[in-house]
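S.K.: So the sequence lines, in the order shown, correspond to chains A and B.
With positions in the first sequence counted from 1, the corresponding number in this note's numbering is that position plus 31.
With positions in the second sequence counted from 1, the corresponding number in this note's numbering is that position plus 100.
Possibly wrong hints are sitting among the right ones.
Beta-carbon label-pair distances, calculated as ranges [unchecked claim]:
1) B:Ser126 - A:Glu87: 13 to 21 Å
2) A:Gln48 - B:Thr120: 43 to 51 Å
3) A:Glu87 - B:Ser151: 21 to 29 Å
4) B:Arg122 - A:Gln72: 18 to 26 Å
5) A:Ile51 - B:Gly116: 26 to 34 Å
6) B:Gly116 - A:Gln95: 42 to 50 Å
These aren't lab readings, by the way, just hints derived from the structure by calculation.
In this text the structure is predicted, and so the values were computed from the model without any measurement.
For every residue, glycine included, the Cβ atom is placed at its ideal position computed from N, Cα and C.
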Amino acid sequence: EPEVTQTPSHQVTQMGQEVILRCVPISNHLYFYWYRQILGQKVEFLVSFYNNEISEKSEIFDDQFSVERPDGSNFTLKIRSTKLEDSAMYFCASTVQGNQPQHFGDGTRLSIL
Amino acid sequence: GIQVEQSPPDLILQEGANSTLRCNFSDSVNNLQWFHQNPWGQLINLFYIPSGTKQNGRLSATTVATERYSLLYISSSQTTDSGVYFCAVVLYGNNRLAFGKGNQVVVIP
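Bound-form chain A, shown alone (with noise of 0.2 Å):
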């Protein structure tokens, strides 16, 4: 069955850079998402991503964050000048259509030290 995969699982990165955090979504799928779930808490959504375009966002998905769609497969999320509370297991996630099942790759587990 086909998967979200995300890259790298873990990052480990100093305060105040910027950091990456890659999906491969489902190949014949047109919608990504991007969620975070920090240590403990619920799962919140960030941003949505359709036809090269955010087709909505969250009020956590300040300048701070931008996605991308370099090429035809990936999806990046870019944290610039990163902070503590960005700390975090950041999941991206995929669907073909917009009322029907999300997909979600396994996270990158992000700690800002």
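Chain A is fixed; fit chain B onto it per the hints.
M.R.: Chain B alone, transformed into the frame defined by chain A:
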């Protein structure tokens, strides 16, 4: 925004016992999914169930969309069922998943 409430927040089960987890949501939805988060943090998709009933092995789920709730049944629980179960919904008109706070389940041998 939409409210998603899960109960009970914590549950301890003896291996072999059955249990029911509940998810209430505050508005009409066109997508509802149940996930199991394992100890490694992976979100495992259990059910896509905006309405009706589905079964997968020892797990089954029922969503009554008109009454805005969903139930996840675990039968003959095993220690591998331990983890956090999340309910997540998508409102009509958008496509973001809104998650509940989860049900922390511990199955003891």
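S.K.: All the hints need checking, so say for each whether the structure fits it.
M.R.: Here's how the hints hold up against the structure:
Hint check: Ser126 of chain B to Glu87 of chain A, Cβ distance near 19 Å, so the stated range 13 to 21 Å holds. Distance hint check for Gln48 of chain A and Thr120 of chain B: the Cβ-Cβ separation is about 46 Å, which falls inside the suggested range of 43 to 51 Å. At about 24 Å, the beta-carbon gap between Glu87 of chain A and Ser151 of chain B stays in the expected band of 21 to 29 Å. Between Arg122 of chain B and Gln72 of chain A the CB atoms are about 20 Å apart, so this pair conforms to the stated range of 18 to 26 Å.
In this structure, Ile51 of chain A and Gly116 of chain B break the distance hint of 26 to 34 Å, their C-beta atoms being roughly 46 Å apart. A C-beta distance of roughly 48 Å is found between Gly116 of chain B and Gln95 of chain A, which places it inside the suggested range of 42 to 50 Å.
Violated hint for the displayed structure: number 5, the only one.
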